[in-house]
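Letter by letter, the chains look like this.
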Amino acid sequence: MAKTILAVDDSASIRQMVSFTLKGAGYDVVEAVDGEDALDKAKNHNVSLVLTDVNMPRMDGLDLVKSLRVLPRYKIAPILVLTTESSEVMKAEGRAAGATGWLVKPFDPKRLLEVVKKVIG
Amino acid sequence: MLLLCAGLAIAVAGVQVQLIGPEAGMTVPLASALISIALAGALIALGVMRSRAKHEPVPGAGDAPTGHGTGVDPASQDMMVFCNSQLDDYFAGIHGELSQADRLVGDAVGDLVASFKYIGKLIRSQQEISRAIAQAAAAGSGSGEPAGRLLERQTVIAGQIEQEVDAAVTSLQFGDLVAQLLNHTMIRVEALGTALQRIDRQDAEQESGELAWKPRRIHEGISRAVTAANAASRGKPVVQHGMQRGEVELF
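First to last, the protein sequences are chains A and B. Counted from 1, the first sequence has number 15 at position 15 by our numbering; the numbering is strictly sequential. Counted from 1, the second sequence has number 223 at position 223 by our numbering; the numbering is strictly sequential.
In short, the hints are calculated from the structure, not lab data. Just so it is clear, CB atoms sit at the ideal spot from N, CA and C, and this is done for glycine as well. Watch out, some of these pointers could steer you wrong.
Stated by the list, open to error - Calculated cross-link-like contacts (lysine-lysine; reagent style DSS-like; alpha-carbon spacing at most 25 Å):
| no. | chain 1 | residue 1 | chain 2 | residue 2 |
| --- | --- | --- | --- | --- |
| 1 | B | K121 | A | K110 |
| 2 | A | K110 | B | K117 |
| 3 | A | K3 | A | K23 |
| 4 | A | K91 | A | K66 |
| 5 | A | K75 | A | K41 |
| 6 | B | K236 | A | K91 |
| 7 | A | K117 | A | K3 |
| 8 | A | K23 | A | K110 |
| 9 | A | K118 | A | K41 |
| 10 | A | K75 | A | K118 |
| 11 | A | K66 | B | K236 |
| 12 | A | K43 | A | K118 |
To be verified - In silico contact screen, one side only, chain B against chain A (beta carbon under 8 Å); selected entries:
| no. | residue |
| --- | --- |
| 13 | L177 |
| 14 | P237 |
| 15 | V238 |
| 16 | M243 |
| 17 | G246 |
| 18 | L250 |
| 19 | F251 |
Just chain B, same shape as in the assembly (with noise of 0.2 Å):
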């Protein structure tokens, strides 16, 4: 439990951190070191979740009826199934959410990293083209690439970096993307950890005084935590899985 609840920890502090990352004018590689930090400490907690919820020890499992030669009763075992695959759609959904975290702020970067080399290619191009004017205005008529030529070409050359500046504006705006993603992402991971909770004091109290600790009842709480859980954190609001512009309806 000590270590759900740091590994739990590490990723909620990532992801807070994040957030107010992008928000606040960070860099893009330092706001991308931020998400990957936090990204890694919630993978530590589900694998480490999964992992203890799978292979913990069930004691009291022999005071049960035995079924299928375990030594635990045939309904115990289909809760416990039933109770890995709450788990696992659980975790699977966390999971998603953080790989399309991941995903947005790398395609985004991608974008951004392309969009400024082309930006001060096309730069160059410019300068390039404005000492030829002056060259040609120095020279006089008749030498070189005519002005109208190169004014013709500057023109082309400023509409390209418009285009490209549009384009880094819209691979900017991962940043909100992603941080409502991980709000939607730690909402989840903390509406399991306080059902978990919950369920164990209930436990504690009901169980005042006994040894039996049953597996069955166990699961039983894991699957209400899991059912709460997802009852608490509604609808993923980002469905994006890149930075392409989004769709524009009039009604």
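So that you can see chain A by itself, here it is in the shape it has in the complex (with noise of 0.2 Å):
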């Protein structure tokens, strides 16, 4: 069975972007608009990683990681950021929320597909 990732960006093109390259892979993707909408469809859903935007309306994304570790089925689970932000200061502090890894956009498609199946084989 294919395994399922939430890709969660507030613009809608990277959310497309990001379900080709992991569908063309064979991955399951379910994907939010925002922390929120993350949150919500990661307790309904069988997730396997989650990859996350940081700056989005409503819950940015190290509120998320942050929001996701608290939950049992989230302790342990992969969780990547993919965002444009590349300071040191923000990796830190997503390394702190419990990210597992941080990537810089644009991301580039065989890149991400390997730091997935090294997370989550």
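Combine both chains into one complex, guided by the hints.
Now the structure itself:
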């Protein structure tokens, strides 16, 4: 059975690019438009990996990571951050929040798949 | 002030139209054209603001004690220099962000055009190989290029097409980067406008009935507005100047 990845981004074009890439490699993709939507969907789907943006309305990516880490199901699940932000300060915040890795946009599909395979197989 | 407002309105309207564009699946040339309109509007606004800030006649200047032979006291002149320098920095920041957005769009469009041209060329090669395979099969073995070699070439071309599609996916992310950048620029422009309006209102209330329109107070007001606008717009979310793939770090 294909593993499910939750792709969280307020940009529809990025969600489309992420879905296109991951579905092409055989993964199921659930999309969410912001942190709150993602939190909702994470509770209702068996998600193997969360791939989230940082700057989003309502709930940002770092708050989403913190909120997911509180849930038993997502205590150790891989959560990757995919963002335009690349400062060391932001990365440190992501790490402290519980993120598994940090990917800077624009992403390269091949590299994204390598990382995804590395964290969920 | 009317010119200033018109310029800002063009800029903000242009930016808002652009922000809707790429997310709604708009074609690249159209989105690019809208971005150009937005940038042009914003640059007009900035030019007008800079010009007015520097050359605004200063009624009441003659009321102040004279200094440096200009009719303006040294403290007022220092304030004016400081204010102009603050405005220069502020607008240079906005100009830099708009130029960055322009570069990102140009880079992405250039890459996409190159990718699509190359993909077209590869597809034509694929079709030629398919025809050659069909001809070889019809003519029987021994004539022309061996079928095994043709199939090998076809596999190589398929891999090249995949690489180009990946490159196009990377370039197509420009919409998100530019939207974030322009959103930040819009916040900066609006923040300055709001701060200037607030200070203008406060001054009008304080001066009710007075004719004195002191240049030092105007420059102090603008300076406060720039400081407030800087505080209102948080750090720039996009540092990328091109569409090269970003780095990856696993913790």
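* Asked: Which of the stated hints cannot be reconciled with the structure, identified by number in ascending sequence?
  -> none
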